[in-house]
Amino acid sequence: MTTTQEAKSRGAALLDGIKASSWSSRLAVAIVAALVVLLLIQAVQDPGQFVSQLLIGITNGAIIALIALGYTLVYGIVELINFAHGDNFMIGSFVGVTVLSGTFLGLGFFAPIDAGSGAGIKIVGVILALIVAMIACGLINVGIERIAYKPLRNSPRLAVLITAIGMSFILQNLGLVWKGPSQISFPGLISDANIFAGITDAVAYRWKDLFVILVTVPLLIGLSYFIRGTRQGKAMRAVAQDKEAAAMMGINVNRTISVAFLLGGILAGASGVMFGLFNGTTVFDLGFRQGLYAFTAAVLGGIGNLTGAVVGGILIGIIGAMNDQYIGVRWTDVVIFTVLILVLVFRPRGLLGDRSAVQGGGGE
Amino acid sequence: MALLEVENMHSFYGHIHALRGISLTVEEGEVVTLIGSNGAGKTTTLRSIHGILPPREGRVVFRGEEIQGIPAHHMIKRGIAQSPEGRKIFHRMTVTENLEMGAYHRNDRKEIQEDMVRVYDLFPRLKERVKQEAGTMSGGEQQMLAIGRSLMSRPKLLLLDEPSMGLAPVLVERIFQVIEEVNKQGTTILLVEQNANVALEIATRGYVLETGVIVNAAPAEKLRQDPKVREAYLGEI
Chain A
1 MTTTQEAKSR GAALLDGIKA SSWSSRLAVA IVAALVVLLL IQAVQDPGQF
51 VSQLLIGITN GAIIALIALG YTLVYGIVEL INFAHGDNFM IGSFVGVTVL
101 SGTFLGLGFF APIDAGSGAG IKIVGVILAL IVAMIACGLI NVGIERIAYK
151 PLRNSPRLAV LITAIGMSFI LQNLGLVWKG PSQISFPGLI SDANIFAGIT
201 DAVAYRWKDL FVILVTVPLL IGLSYFIRGT RQGKAMRAVA QDKEAAAMMG
251 INVNRTISVA FLLGGILAGA SGVMFGLFNG TTVFDLGFRQ GLYAFTAAVL
301 GGIGNLTGAV VGGILIGIIG AMNDQYIGVR WTDVVIFTVL ILVLVFRPRG
351 LLGDRSAVQG GGGE
Chain B
1 MALLEVENMH SFYGHIHALR GISLTVEEGE VVTLIGSNGA GKTTTLRSIH
51 GILPPREGRV VFRGEEIQGI PAHHMIKRGI AQSPEGRKIF HRMTVTENLE
101 MGAYHRNDRK EIQEDMVRVY DLFPRLKERV KQEAGTMSGG EQQMLAIGRS
151 LMSRPKLLLL DEPSMGLAPV LVERIFQVIE EVNKQGTTIL LVEQNANVAL
201 EIATRGYVLE TGVIVNAAPA EKLRQDPKVR EAYLGEI
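Heads up: the protein sequence lines correspond to chains A and B, in order.
FYI, this note's numbering numbers position 25 of the first sequence as 25, with every residue one higher than the one before it.
FYI, this note's numbering numbers position 133 of the second sequence as 133, with every residue one higher than the one before it.
If you're looking for bench data, these hints aren't it; they were derived computationally from the structure.
In this text the structure is predicted, and so the values were computed from the model without any measurement.
Every residue, glycine too, gets a C-beta built ideally from N, C-alpha and C.
Any given hint might turn out to be false.
What the hints assert, rightly or not - Label pairs and their in silico Cβ distance ranges:
no.: 1; chain 1: A; residue 1: Gly222; chain 2: B; residue 2: Arg109; range: 43 to 53 Å
no.: 2; chain 1: B; residue 1: Pro71; chain 2: A; residue 2: Leu174; range: 31 to 41 Å
no.: 3; chain 1: B; residue 1: Phe12; chain 2: A; residue 2: Arg289; range: 43 to 53 Å
Said to hold, decoys possible - A short list of chain A residues far from chain B (calculated; beta carbon distances all over 10 Å):
no.: 4; residue: Phe109
no.: 5; residue: Ala202
no.: 6; residue: Val203
no.: 7; residue: Phe337
My request is simple: use the sequences and hints to build the entire structure.
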């Protein structure tokens, strides 16, 4: 067949597709198309602002993506939505702010690290906060699995689901007891100044934004290497596909599941500290909202699919940032969840499909 | 001393008493087959020996050590491998990756490569599909892969669950040829089969299972001539 014929038949197929589609889906496509056009007009009118919003979106998206990975890792391996994950992220931000305060359980370990500290101390403080929060959240996640989910592994799904929601409330209330109901402010350790200040004022990209990317990218590379390149990663793929067969191969299934929870917790801890340093504040019920965004991101990208979680997270970050700028903050949640519903109507398994080759699937 | 000795093994699925005191032995170098109808407990017996469904009562002695209650993932190092019911291959992995998983507990790369060559010699069809995702292969090819994967650990005892399930007669013949060959190379085999005809042809001894109890045990030749067995499992009147 020649290319023109091919193009023709493809056009015909598209036409058939449109004829077969329902009015609601046509309307949905029209709305999305209109929004994209509006966005493009804005981009042409003020490219600087557009790029700035895009960059902010990517930064917010990176924070969401790290949490989303925790949902998707755990779902990919035990088919459980770990609703406590968002609250674990909140605990991560609390751990981070506690480390930076230098005081824990009434004991002062070192002077608080804040905006006035020297550059070296700031860097050490940020790294220390990240590491401690990552370890703490990783262990908390493993503990939650051992205590609350493992004994229920063979019970009906609903039982585990309710337990997960219960764990979410428990963590949230522990946060409330620990730091109280009001907003906790993070010290401003990372500069708000625009990186491009000397070059152009049109694009705003702060050191803070760069910091988030500089932490996120190595974590993503590390995770990807772990899953694809290591023995433990291979074991994870095998367990995700068939637990019984994996056990027959000599893989300790329980330990492998713990590792998945550990990895998810580590990423949530890093994300929590980054969120605090980036936004300058945290609060005990932070996990609900951010967790919901992250869960949405995981579903949007295809739950169980690691790349999907990152794509979904960044997409939600960008949609949120664009909406904040061009439509209005009040509409942001409406728009984000509308996009989610639209995507799921047309692609029920998410943008990239659930359970990618990275995670492994099976059992269909 | 027998390679495997099972004594008065009882297993349960929840409240269902699936195995009611199974006792059997497998000597080194033998092919022993378990025959019986659907739901008699053949698969459950293999799962219980393997530790996937730990028996609630009784003893399983393998190479002189009691292994009941030891988790399934320790069995491969002790020398037990299984090609399970329903094949349970890793659908999203390639043929090579599946075989590598069979040798997951080993670190001797060179020997693993040799074993892989051996599996490809036994099943040339798999060699043509090394890079193919296992889930996209035909049932027969998946069965070959499941058996090949179980051989990758160089097991002392190979548990084979329904290797002929759903296969064309030509393939059944081929797979049983391979099983005989593997046995000649020194692997002891405990074979569960619905197709009693073929199973009793290659087996040294056989056990007949009915609703969780062993009702008959004899050399394969004798079972083939037993009128009751012929009627119930060999399709003769």
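Hint check results:
Between Gly222 of chain A and Arg109 of chain B the beta carbon distance is about 25 Å. The supplied range of 43 to 53 Å is therefore violated. Judged by the Cβ atoms, the range 31 to 41 Å given for Pro71 of chain B and Leu174 of chain A holds: they are separated by roughly 33 Å. Checked against the hint of 43 to 53 Å, the pair Phe12 of chain B and Arg289 of chain A passes, with Cβ atoms roughly 46 Å apart. Listed as a non-interface residue, Phe109 of chain A keeps its Cβ farther than 10 Å from every Cβ of chain B; the least gap is roughly 42 Å.
Every beta carbon of chain B lies more than 10 Å from that of Ala202 of chain A, the smallest distance being close to 47 Å; the non-interface claim holds. With a minimum CB-CB distance of about 42 Å to chain B, Val203 of chain A clears the 10 Å threshold, and the non-interface call stands. Every beta carbon of chain B lies more than 10 Å from that of Phe337 of chain A, the smallest distance being close to 31 Å; the non-interface claim holds.
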